[in-house]
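> For reference, the chains in residue letters:
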Amino acid sequence: MTAQTVSGGAAGPLPKQRAWLVLSHRLLKDPLGVLGLVIVALLVLSAIFADLLATHDPFQMAPRQRLQDPSAAHWLGTDQLGRDVYSRVIYGGRIALWVSLVAVGLSLLGGLVLGMLAGYGPRWLDNTLVLIFDAVRSFPTIMFALAMVTLLSPSLGTIIIIIVVASIPVYGRIVRIQTLSMKETEFILAERALGAGPIRVLFSHILPNVIGPLLILASMEIPVVITIEAGLSFLGLGVRPPTPTWGSILQEGYQYIRDTPWLVIAGGLPLILTTLGFTFLGEALRDAFDPKLNRP
Amino acid sequence: MSEPLLDISDLSVEFATPRGQVKALRHVDLSVKPGRIVGIVGESGCGKSTLVSAVMGLLAGNAKMTSGSIAFEGRQLRDLTEDQWRDIRGRRLAMVFQDPMTSLNPVMSIATQMVDIQHRDPGSRADKLKKAIRWLAKVGISDPEHRIEDYPHRFSGGMRQRISIAMALLMNPSILIADEPTTALDVTLEAQIIHLIKQLRAEFDGAILFVSHNLGLIAEICDEVVVMYAGEVVEHADIRRLFHEPAHPYTQLLLTCDPARVDSEERTLPTIGGTVPDLAHLPQGCIFAARCPGAFERCRAEAPPTYTIDERHHVRCFLHAR
Amino acid sequence: MTDLLAIQGLRVRFRTVGFVRALVDRVTDPYIDAVLDVSLMLREGETLGLVGESGSGKTTLARAVVGLVPVHSGSIHLNGRELVGLRESEYRGIRRSLGMMFQDPVASLSPRKTVRGLLIEPFHIHRIRDVDLDKEARRLLGIVGLHDGFLAAYAHQLSGGQARRVGVARTLALKPKLILADEPTAGLDVSVQGEILNLMNELQRQFGLSYLIVTHNLPVIRHVSDRLAIMYLGRLVEQGPTRSVFARPAHPYTQALVAAVPQPDPDKRRDHLELQGEIPSLRRRPSGCEFHTRCVHAQQRCKVEAPLPTALPGGREVRCHFPLV
Chain A
1 MTAQTVSGGA AGPLPKQRAW LVLSHRLLKD PLGVLGLVIV ALLVLSAIFA
51 DLLATHDPFQ MAPRQRLQDP SAAHWLGTDQ LGRDVYSRVI YGGRIALWVS
101 LVAVGLSLLG GLVLGMLAGY GPRWLDNTLV LIFDAVRSFP TIMFALAMVT
151 LLSPSLGTII IIIVVASIPV YGRIVRIQTL SMKETEFILA ERALGAGPIR
201 VLFSHILPNV IGPLLILASM EIPVVITIEA GLSFLGLGVR PPTPTWGSIL
251 QEGYQYIRDT PWLVIAGGLP LILTTLGFTF LGEALRDAFD PKLNRP
Chain B
1001 MSEPLLDISD LSVEFATPRG QVKALRHVDL SVKPGRIVGI VGESGCGKST
1051 LVSAVMGLLA GNAKMTSGSI AFEGRQLRDL TEDQWRDIRG RRLAMVFQDP
1101 MTSLNPVMSI ATQMVDIQHR DPGSRADKLK KAIRWLAKVG ISDPEHRIED
1151 YPHRFSGGMR QRISIAMALL MNPSILIADE PTTALDVTLE AQIIHLIKQL
1201 RAEFDGAILF VSHNLGLIAE ICDEVVVMYA GEVVEHADIR RLFHEPAHPY
1251 TQLLLTCDPA RVDSEERTLP TIGGTVPDLA HLPQGCIFAA RCPGAFERCR
1301 AEAPPTYTID ERHHVRCFLH AR
Chain C
2001 MTDLLAIQGL RVRFRTVGFV RALVDRVTDP YIDAVLDVSL MLREGETLGL
2051 VGESGSGKTT LARAVVGLVP VHSGSIHLNG RELVGLRESE YRGIRRSLGM
2101 MFQDPVASLS PRKTVRGLLI EPFHIHRIRD VDLDKEARRL LGIVGLHDGF
2151 LAAYAHQLSG GQARRVGVAR TLALKPKLIL ADEPTAGLDV SVQGEILNLM
2201 NELQRQFGLS YLIVTHNLPV IRHVSDRLAI MYLGRLVEQG PTRSVFARPA
2251 HPYTQALVAA VPQPDPDKRR DHLELQGEIP SLRRRPSGCE FHTRCVHAQQ
2301 RCKVEAPLPT ALPGGREVRC HFPLV
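Chains as they are written, first to last, in this note's numbering: chain A, 1 to 296; chain B, 1001 to 1322; chain C, 2001 to 2325.
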């Protein structure tokens, strides 16, 4: 049969495991990427195992031991109410991670769905959604945050809502653009030619191709969200005491900075490290995923 | 009498890639004399693009010239500084690219681009503009005095290619490299561009390197042909000799596969079985041995050198060993 | 021999200018006709070549048959059933009998799916449950001459030729009657384009398929088609058996096309240029016979009066006042 003249292909298709190996190999070659990975891993582990890692109950007050310097008993000293700062930082890390994951996760979901609808759906839907996106984006975030906090009272839930509403348009725009450009590509046409309906096209074909860069973007957003929470808490718009978030620790530390610098350091340093860690990791992931960087 | 304008000798180029060292060009010899149109024909992976990039000094960052030399007008190109390259590119060595839609700067008018190329020449802007207009007329752009002020997007693909040719030839380069100049065009436009090149030949005393995968075009316009396969030059001959008495099995098979040469009653088309070898893991003997119907023991063990059939016909094949 | 596909007076329009812009710029006609008054027939087991250059409308026509672009007027009958005016949901069932091969073989395969996923997808789409999907995937690969190892591959890992084979395998999944192939040899080296063409030929023999091949590659279509239809600016200017159309073109455009193809023989160089000028814009169609602006035989009548299709002996048809035959 004439079809037997098979072009075997010079290298042949790469099995799935090999592809992952290449990816992790590339990632590990980047020193900053490794550093980022380590930091993020530390954060995640400390969040999961907070109960084991904390030395004291973060809420336990001991007014007679207030504002002490770091010691064997209190690794990062105590705050103005005698609470162990180190334990508060550890639990603060758990909260930071949780808030950011929920906020980013919800924004991602919302942005994805709305963006795909805007990109693939009828023109009027697209125009409406874009109008909404632009309107929300042009509204100053701080004012919006203030308004929300006033309406809903400060809490982690409020912070999440603020972040989600402000972020959905950002993701939505990106997803929309990608969807629009993909709508006319040959493989989408091929799927439609086979008889695929819009749901299948969107979820089985457009989504997997859009989600990659979106996830990397989202991972870079996590430290931003953590910082926003810290900022809001610093301004007094965030969580109510006695919940230990890095931002509230910073805020309290700022008030007592003349007594001890350790509170500010304890609140600020984790923020800096987390931001750096996620940024390094995100950049390294982006480079590792990019097949066009033809490095050995 | 005539010194070669371009003398490529034993040129080898390797690329560093995740799959290993890709030996894209191996021991390429090519000599281009003034007034000749030299065709370079080959299929995917043959190395013709790499060769052109090497001559223009535009090889990618992960490329390395591992042997040989390229001499242009007597100068070695290998050791040129960027500044010296800028003196050569566009003026002595010009190129027309495959895609007319992206080879012109979209934010500059044609006039600006054509005058800009001449910036190293003395003379007033007005003179340079006049020269540009003359060339636009030569390549068949109507109403050139006005159209020259337009931006590229106002021209069709065919016209843009004509403009690219005008820009390339206006500096009277020694060598014009045309890299698949008509591949992106419809067949009737292609015929026009080829016709144009043939006409302009009279005005141009340099040489033309015509790179294509289309044997019909090569036959239409070239004086001599270099056949490349997987990074090597496998045959080099004058045009009539190549088409009527091809020496290398690859050339012979390639000619039989061309649908324009196959008997029109025939429904099935011949092919060359197998695939191009992986340039990162080269086979031991002749590069074509795996797909060659005439291969014998020696072919698989040793790589053949270039044999001379006569003064202008060379072939890299043991079947022609003397 | 029944007519598998019958197209009558087909017209496909595209809107080039948005509503607001049209108002602002005072554009009287914001539409262009990509396909205009096209009538052709394809019989079972036949291969029809649809030939034209850019702007000829050939790809649009193929896409209209598969329902990927909306049709303005005219009819498309597939096995007697009218396709124009069908709702999207009704069309989906029809798509089982229509296969489409796209021009860019790698780009037409969804990048995040394995070959296996791509091959079984048609079954999922049309909710065919009582088949062994793995077996089907293997069977389809076997038909196109690829071994099972390719099941786990992704589109970008395949060569152009392999990707094309996967594309063919995919269209065969639901046992279509008609396959539309858009430039099946685009991007393929001359030494391997025969593989895909011979495969298509073999499949035609085996499964009684009909092909509508859209291409601008004349040397190739000459070998693989039974009949040819030449398109210019959205209209059919000539159709007929391939052999006679090539041997004695009736329409001056066809003649120009045939003459423009370079021959791989240095003794057959052409010194004169058959066709000058460029294809007119679809926005400003020439009057009368739309080819008159470039036709060397054009006369006064051609500038004012549009020619109607005239039948010629031998099952041929031409749209010209002064056919060459």
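Everything labelled a hint here was simulated from the structure, so no lab data went into it. Keep in mind the model is a prediction, meaning the values are calculated, not measured. Positions of the beta carbon are idealized from the N, C-alpha and C atoms, including for glycine. It is possible that some hints are incorrect.
[Said to hold, decoys possible] Here are the computed lysine-lysine pairs in the DSS-like style, where the Cα-Cα straight-line distance is at most 25 Å:
1. A:LYS183 x C:LYS2113
2. A:LYS29 x B:LYS1033
3. B:LYS1198 x C:LYS2268
4. B:LYS1131 x B:LYS1023
[Said to hold, decoys possible] Cβ-to-Cβ under 8 Å is the rule here; a few derived chain A residues that face chain C:
5. LYS183
6. THR185
7. GLU186
8. PHE187
9. LEU189
10. ARG192
11. ALA196
12. PRO208
13. ASN209
14. PRO213
15. THR227
16. GLY231
17. LEU235
18. GLY236
> Need the list of violated hint numbers for this structure, in ascending order.
Hints 2, 4, 5, 14, 15, 16, 17 and 18 contradicted; others consistent.
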